[in-house]
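Sequences listed follow chains A and B, in order. Heads up: the first sequence is residues 1 to 399, going by the working numbering. Heads up: the second sequence is residues 1 to 93, going by the working numbering.
Worth flagging that the hints you see were computed from the coordinates, not collected in a lab. Note that the structure is predicted; figures quoted are calculated from it, not measured. Among these hints, one or two may not hold up.
Covered by chain A, per the in silico footprint, the following chain B stretches (three or more residues, Cβ under 8 Å) [unchecked claim]:
| # | segment |
| --- | --- |
| 1 | 18-24 |
| 2 | 27-36 |
| 3 | 42-49 |
| 4 | 52-60 |
Among the chain A residues that face chain B by a calculated CB cut under 8 Å, a handful are [stated by the list, open to error]:
| # | residue |
| --- | --- |
| 5 | T143 |
| 6 | A146 |
| 7 | A149 |
| 8 | W261 |
| 9 | N320 |
From the three backbone atoms N, C-alpha and C, an ideal C-beta is built for every residue, glycine too.
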Amino acid sequence: MAALEFRDPIRAKALAAALARATGDVGREVSLMHVCGSHEQAIAKFGLRSAFPRDLNVIMGPGCPVCITDQPEIDEAVALARQGARIATYGDMVRVPGTAGSLADAQARGARIDTVYSVAQAVDLARETPDDVVFFATGFETTAVATAAVILAGVPKNFSVLSAHKYIPPVMEIVAEMPGTRVEGFLAAGHAATITGWGIFEPFVARHHLPVVVAGFEPLDILAALVKLVELVRDRAPAVVNMFPRCVTREGNRNAQRRLWQVFRPIGGRWRGIAHIPNGNLRLRDEWAAVDARRRFTIDLASLWQHAPSTLARQCICGNIMAGIASPDDCPLFGGACVPDAPVGACMVSSEGTCRIWHQYGGVPDLTAVARPFQGRDDRGAEGPALRDNASRGPVCPI
Amino acid sequence: MCLGVPGLVVEVDDLTAVVDFWGVRRRVRLDLVDEPVAAGDYVLNHVGFAIRRIPPEDVQTTLELYEQLLKEASGDLMATDVRSEIENLKSEF
Ligand code: SF4
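Build out the structure end to end from the sequences listed, making use of the hints.
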């Protein structure tokens, strides 16, 4: 593939024009979904929606691992913390509200919570203390492989894992069939596909007759991938196209996959807002029962559920946003009662959450109503980075 | 949480490597990497694990992209994610 000059405005305009042409050829509204927080960051930051034709809807799907972690999973971690276990987890998870508050709230009341950068640090922590250390494991397959690696390498007896890991391919199956969204094609995240390989989408395409394009995370990578995706919709040619070949191969990282499935098995479970996803959750296999916090401890959830969720929390529509049937603008709390410093829902906590992203970049106009020329806009008011930066580089591999 | 950070392998010792990230050196695990790595290679690090050996022909563009990102204003979410990855590397080694 020829190198794209991804911050080159001429190239961007040409892609925007190609996108308009292809969408025009379809002759009706087209809805596409991406499943990656980094895609939404780039789309919002560079104002790409203002470059989309009126009939093109690009919906942000369940691509934020913090956001799709369901309330009962947060509650399990909070309950274990209250029962005296020391909880280690990734930074954002500490602030995500559960039924009876977040892990940070539990910490304020005396529970021991450690924020770690790597699961390996959580294992080190267990080596240094006689206490029970429970790693609250969240994230998609890119992060689950790290959890698998430490377990396979051997962990101390006082270490266990509360797995809330999620697996992306199955959720696409569900979203593809949801009547509310009418998604006609998916932009798959280059990150996760680095591990799984793009071949994993082939059975999906065969079953649902929907195209999948694997895309990088730079603005022009995304535009180029959208052009391809709309062309596939127009030509009624469901296929997997890999627009990120430097990073993603057909078979992916076999070594990491092997470790992942040695430790985890996929089971059905809830994703926040998207309901039950068959095979969407990663749980420890039976042979790892000794490190499975769910089997080691009796987790007393009932005590938490005596708390009614706050009135604010009941108004949060985070779930609908991740299902692609609402936007942050539809939430009455957005930017008012719910802001990054005082998040009401998970989507405002993580830097990959749609509410947080839209809040950061000033929200996004409803471009299904108004078509706009591409201006390389960004919300800092000045001339946007798409016009400012002429550096010419090819699409690169972030993971 | 989703983006990895590239670094230069300084020294390999069985299952770990010392990797230099913009002057910050840290021990990174090699359990998950897709092919063998040696000193002088570049790898992408995600939560303390090398998950990809960067093909030599892609090293330059990868580093440039990250340098570009790191120059972004403090409000930039992607830049903040990458910066905090590097900060985390510092605290570890
Ligand atoms: S703005 Fe806050 S309360 Fe509203 S949907 Fe987003 S996270 Fe939930």
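Hints, verified against the model:
1. 18-24: Three-residue rule not met by the segment 18-24 of chain B, so violated; n is 0.
2. 27-36: holds (count 5)
3. 42-49: That given contact holds, which follows from 5 residues of the segment 42-49 of chain B lying within Cβ reach (below 8 Å) of chain A.
4. 52-60: The restraint on the segment 52-60 of chain B holds, since 4 of its residues have a Cβ under 8 Å from chain A and three suffice.
5. T143: holds (6 Å)
6. A146: With Cβ-Cβ at 5 Å, under 8 Å, it holds.
7. A149: Holds, because the Cβ-Cβ distance from A149 (chain A) to chain B comes to roughly 4 Å (cut-off 8 Å).
8. W261: Because about 13 Å separates W261 (chain A) from the closest Cβ in chain B, which is outside the 8 Å limit, the hint is violated.
9. N320: violated (22 Å)
In this structure, the earlier hints numbered 1, 8 and 9 are contradicted, and the remaining ones agree with it.
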